[in-house]
Amino acid sequence: MKKTEKSYAGWYFLGIVLLIYAAVALFSTASFLSGLVFFWQIIKKIIPVFALVFALLVVLNYAIRPKTIVKHLGKDAGAKGWLWSLAGGIISTGPIYLWYPLLNEMQKHGVRNGYVATFLYNRAIKPALLPLFIFYFGIAYTAVLTLVMLIVSVIQGYIVEKIVEAGK
Amino acid sequence: MKEEKPSFKEALRKSGKSMWMSFPILLGAVLLVSLANALIPKQAIVNFFGAVPFIDSLIGAGIGSILAGNPVTSYVIGGELLSQGVSLAAVTAFIVAWVTVGIVQLPAESMLLGRRFAITRNIVSFVFAIIVAYATVIIMGIAGL
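Listed in order, the protein sequences are those of chains S and F. Just so we're aligned: 163 in this note's numbering is position 163 of the first sequence, and the numbers increase by one with no gaps anywhere. Just so we're aligned: 228 in this note's numbering is position 60 of the second sequence, and the numbers increase by one with no gaps anywhere.
Hint data in this document are derived by calculation from the structure and do not stem from the laboratory. Just so it is clear, the structure is predicted and the values come from calculations on it, not from any experiment. One or more hints might be untrue.
As the list claims (entries may be wrong) - Heads up, simulated SDA-like pairs for lysine to any residue below, C-alpha to C-alpha not over 25 Å straight-line: (1) Lys126(S) <-> Gly237(F); (2) Lys108(S) <-> Ala55(S); (3) Lys44(S) <-> Pro192(F); (4) Lys108(S) <-> Tyr62(S); (5) Lys185(F) <-> Leu56(S); (6) Lys182(F) <-> Trp11(S); (7) Lys44(S) <-> Gly237(F); (8) Lys108(S) <-> Ala77(S); (9) Lys75(S) <-> Asn61(S); (10) Lys173(F) <-> Ala55(S); (11) Lys177(F) <-> Val59(S); (12) Lys177(F) <-> Ile47(S); (13) Lys45(S) <-> Thr93(S); (14) Lys75(S) <-> Val154(S); (15) Lys108(S) <-> Glu161(S); (16) Lys126(S) <-> Ile291(F); (17) Lys108(S) <-> Ile155(S); (18) Lys80(S) <-> Val144(S); (19) Lys45(S) <-> Leu14(S); (20) Lys182(F) <-> Arg283(F); (21) Lys44(S) <-> Thr93(S); (22) Lys182(F) <-> Val58(S); (23) Lys210(F) <-> Gln41(S); (24) Lys177(F) <-> Ile69(S).
Construct the entire structure; sequences and hints are all you get.
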């Protein structure tokens with residue numbers, strides 16, 4: 001298969017980021033080193049999530065038929081699709097960008113953009129972090145904000161989908 | 169017509185290729201997030217806020233959109249902002265934007281999920297960060313919480 005410009009885009013992007021690091025290193029060694037320390041801390045944390053996403057990709061490509069995905073998360077999935085994406089976003093773990101490859105694969109399988117947007121929005125709601133959130137902001141505020149965000153996640157997913165489709 | 173099931177080896181190869189294609193993008197995203205955290209001093213955030221609640225909400229959503237990382241950090245900063253007298257709506261907009269908008273991750277999101285999708289999603293999420301903030305504060309007020 002001939003390599004396209006697009007298949008190199010990621011490497012160009014990485015190259016630009018490395019150039020930015022080089023520029024920062026020239027002007028502020030402390031910021032450069034601090035960035036590297038932070039980078040290493042993130043890498044250590046995300047390795048298990050990276051493995052989880054890879055395992056889910058294998059399951060998606062091996063055991064789940066495109067027809068099944070379209071049935072549950074495609075154009076005609078309806079309310080069930082919103083619920084799946086809502087629940088998926090809440091239970092998914094790790095940094096948001098680690099889920100992009102899996103979501104990209106799901107988009108290719110026919111998953112609605114609205115569901116992808118709702119999944120990403122609900123990554124903001126993390127049951128494991130709720131006790132800490134309650135500690136900082138109180139139980140009433142936490143309950144109201146969580147409820148509002150759950151409702152808004154579906155509304156924004158719907159709006160994103162309509163805007164993206166309108167531009168096609 | 170019945171769909172042909174791929175072999176496990178084929179699924180593994182396809183998934184590996186997909187991850188490899190995403191690898192430089194993910195690595196670049198982690199590097200950018202790390203640099204943003206190193207360059208933006210968290211202690212200075214409170215200085216960005218003034219006394220006009222709506223403008224503060226815009227500022228909160230703006231700063232939350234640029235900063236990235238563990239949501240716990242946004243709780244700590246949010247708690248600190250509240251204790252410094254910043255409005256609840258502004259702090260809420262900041263916390264919500266932190267987890268729903270990602271300017272630093274935007275290049276990675278654009279490359280993997282589509283530019284139009286990524287830009288639209290981030291703009292809509294930014295607007296909703298302010299709407300969610302005010303809706304939460306208004307509901308709290310009405311319910312007397």
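Which of the numbered hints above does this structure break?
Hints that this structure does not satisfy do not exist here, as all of them hold.
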